[in-house]
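Chemist: Sequence:
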Amino acid sequence: MAMLGDIVQSVEMLLKLIRKPQPYVDPDLDPVLLVPGIAGSILKAVDHQNGNEERVWVRILEADSKFCSKLWSRFDPSTGKTVSLDPSTSITVPEERYGLYAIDVLDPDLIIGQESVYYFHDMIVEMIKWGFQEGKTLFGFGYDFRQSNRLQDTLDRLAAKLESVYKASGGKKINIISHSMGGLLVKCFMGLHSDVFEKYVKNWIAIAVPFRGAPGYIASTFLNGVSFVEGWEQNFFISKCSMHQLLIECPSIYELMACPSFHWQHMPLLEIWREKEGCNGIPHYSRIDYGGENIPLPFNLEILKWAKETHKVLSEAKVPSGVKFYNIYGINLETPHSVCYGSKEAPITDIRDLRFSEPTYVCVDGDGTVPVESAKADGLNAEARVGIPGEHRGILCEPHLYRILKHWLKAGNPDPFYNPINDYVILPTTFEMESLHENGIQVTSLKEEWEIITEDQGNQDANKNSLVSSVSVSQGPSKQSSRSKAHATVIVHPQNEGKQHVELNAISVSIDAQS
Numbered sequence: 001m002a003m004l005g006d007i008v009q010s011v012e013m014l015l016k017l018i019r020k021p022q023p024y025v026d027p028d029l030d031p032v033l034l035v036p037g038i039a040g041s042i043l044k045a046v047d048h049q050n051g052n053e054e055r056v057w058v059r060i061l062e063a064d065s066k067f068c069s070k071l072w073s074r075f076d077p078s079t080g081k082t083v084s085l086d087p088s089t090s091i092t093v094p095e096e097r098y099g100l101y102a103i104d105v106l107d108p109d110l111i112i113g114q115e116s117v118y119y120f121h122d123m124i125v126e127m128i129k130w131g132f133q134e135g136k137t138l139f140g141f142g143y144d145f146r147q148s149n150r151l152q153d154t155l156d157r158l159a160a161k162l163e164s165v166y167k168a169s170g171g172k173k174i175n176i177i178s179h180s181m182g183g184l185l186v187k188c189f190m191g192l193h194s195d196v197f198e199k200y201v202k203n204w205i206a207i208a209v210p211f212r213g214a215p216g217y218i219a220s221t222f223l224n225g226v227s228f229v230e231g232w233e234q235n236f237f238i239s240k241c242s243m244h245q246l247l248i249e250c251p252s253i254y255e256l257m258a259c260p261s262f263h264w265q266h267m268p269l270l271e272i273w274r275e276k277e278g279c280n281g282i283p284h285y286s287r288i289d290y291g292g293e294n295i296p297l298p299f300n301l302e303i304l305k306w307a308k309e310t311h312k313v314l315s316e317a318k319v320p321s322g323v324k325f326y327n328i329y330g331i332n333l334e335t336p337h338s339v340c341y342g343s344k345e346a347p348i349t350d351i352r353d354l355r356f357s358e359p360t361y362v363c364v365d366g367d368g369t370v371p372v373e374s375a376k377a378d379g380l381n382a383e384a385r386v387g388i389p390g391e392h393r394g395i396l397c398e399p400h401l402y403r404i405l406k407h408w409l410k411a412g413n414p415d416p417f418y419n420p421i422n423d424y425v426i427l428p429t430t431f432e433m434e435s436l437h438e439n440g441i442q443v444t445s446l447k448e449e450w451e452i453i454t455e456d457q458g459n460q461d462a463n464k465n466s467l468v469s470s471v472s473v474s475q476g477p478s479k480q481s482s483r484s485k486a487h488a489t490v491i492v493h494p495q496n497e498g499k500q501h502v503e504l505n506a507i508s509v510s511i512d513a514q515s
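Take the sequence shown: its letters are residues 1 to 515, numbered as in full-length UniProt numbering.
Worth flagging that the hints you see were computed from the coordinates, not collected in a lab. A couple of the hints might just be wrong.
Claimed, not checked - Below, a list of computed lysine-lysine pairs in the BS3-like style, where the Cα atoms sit at most 30 Å apart:
1. K406 x K318
2. K167 x K136
3. K324 x K312
4. K312 x K202
5. K318 x K240
6. K308 x K376
7. K376 x K199
8. K129 x K318
9. K81 x K129
10. K173 x K406
11. K172 x K318
12. K324 x K167
13. K308 x K81
Said to hold, decoys possible - Here are the computed distance ranges between Cβ atoms for each label pair:
14. N422 x K305: 41 to 49 Å
15. F299 x Q152: 23 to 31 Å
16. G170 x L192: 25 to 33 Å
A virtual CB, placed ideally from N, CA and C, is assigned to each residue, including glycine.
Using the sequences and the hints given, assemble the complete structure.
Modeler: Below you can see the structure in the form of structure tokens.
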């Protein structure tokens, strides 16, 4: 019996030893609210009769049928709201984990390929490592992304969320981090409720926001639909046709169209080569029948009118004086700008075939979805605008982005020498200066050294030799100034393990004018 007791005691001790360590929590951090973009929130359908809930976005099993029956909707121009065609259910956003559940992993039940439905997951994990704590300094705001970015219901929910975060964090002002269309939602709120925004918000960091639209991507979406997953998962997900039907009744999508009042370097175009016969007006090439509802494709002109007013709200919004704004955008990927269907040699003969046609694009620099020109044109007083290589949604997983956020949020041990623009640290290591003045001659020598620390080690083997550069400057004598000469040598050593040593050696000699 004594031996059994010893075994139990040993097991208990072992369990205590292998207990999961508690994450580091920094109580001095300011709270962060994460706001996703389009399709970045879990949506549930609630049955009005029995109150049962089922996730309709995102899901794999029965994805297409549930999507069509529960999420297809019709725009109501009198309210500006898109209303589900199924009158027996309503759409809600889950609030578990202080709003983070809805914007973390969009299909928590998916085991294989779960990373394809990650949204803010990697960022949440990273920020917890920095000392953020769910419900104290880290929160999420999911929303019905079908709706307009200026729908009052959504703005009221955001106002309530800001107030609750402010109280939960002990009265600390909030850092908002928005991605993609979430930035348009935040900007609409800021423009229409600037007093509330200034009361609760300290900093707003916008990531990959289509401030002036995503012209090429959205134009082809209206005509062809879109898939939000790539690869084999498409076979089990929502068809492009079903997604197409949803999006043409979503005001939020129309608000992502190219802003017509913006002075584009080259105006985005949607071109369709057609035979002359019957080509007048905007094509309504198909109609979907849902329970007697007859819905035209591809454009709803009432929503176009609504979106025009939203663009006006966005263009007039300003950052309140007490808030700092930062803009991060993706670069180095070909991004659709203008779209063309058909050609002079092979025009579109039947407009109904458009949705099955492959367009050609004129591309510009961007993140694959949002052009740099649009993302940079926030029209706001920005503390900084930084472009980093990355794909539109993939940018949320970029280590470069995390280094910038950590620096701006003052999380962990902030490095005062970090440069977010170029993503490297210039660390002074040596500074020596001596000066000697005798008989009208002054000799000054200077030695300074730095370590440049960067994450990019891709080209460290490109040049094994040190680079040496020299410069000399001389100045002739005059009645007012002395005769002087200076010479400097800069040595840049090869990069080694992410570090690069730089030396500056300089000497100057000057002779007084009277000497």
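Chemist: Indicate, hint by hint, whether the structure satisfies it.
Modeler: Comparing the hints with the structure gives:
no., hint, result
1, K406 x K318, "holds (25 Å)"
2, K167 x K136, "holds (10 Å)"
3, K324 x K312, "holds (22 Å)"
4, K312 x K202, "holds (25 Å)"
5, K318 x K240, "violated (37 Å)"
6, K308 x K376, "holds (21 Å)"
7, K376 x K199, "holds (26 Å)"
8, K129 x K318, "violated (34 Å)"
9, K81 x K129, "violated (40 Å)"
10, K173 x K406, "holds (17 Å)"
11, K172 x K318, "holds (22 Å)"
12, K324 x K167, "holds (21 Å)"
13, K308 x K81, "holds (15 Å)"
14, N422 x K305: 41 to 49 Å, "holds (44 Å)"
15, F299 x Q152: 23 to 31 Å, "holds (25 Å)"
16, G170 x L192: 25 to 33 Å, "holds (28 Å)"
When the structure is compared with the earlier hints, violations turn up for hints 5, 8, 9 and for no others.
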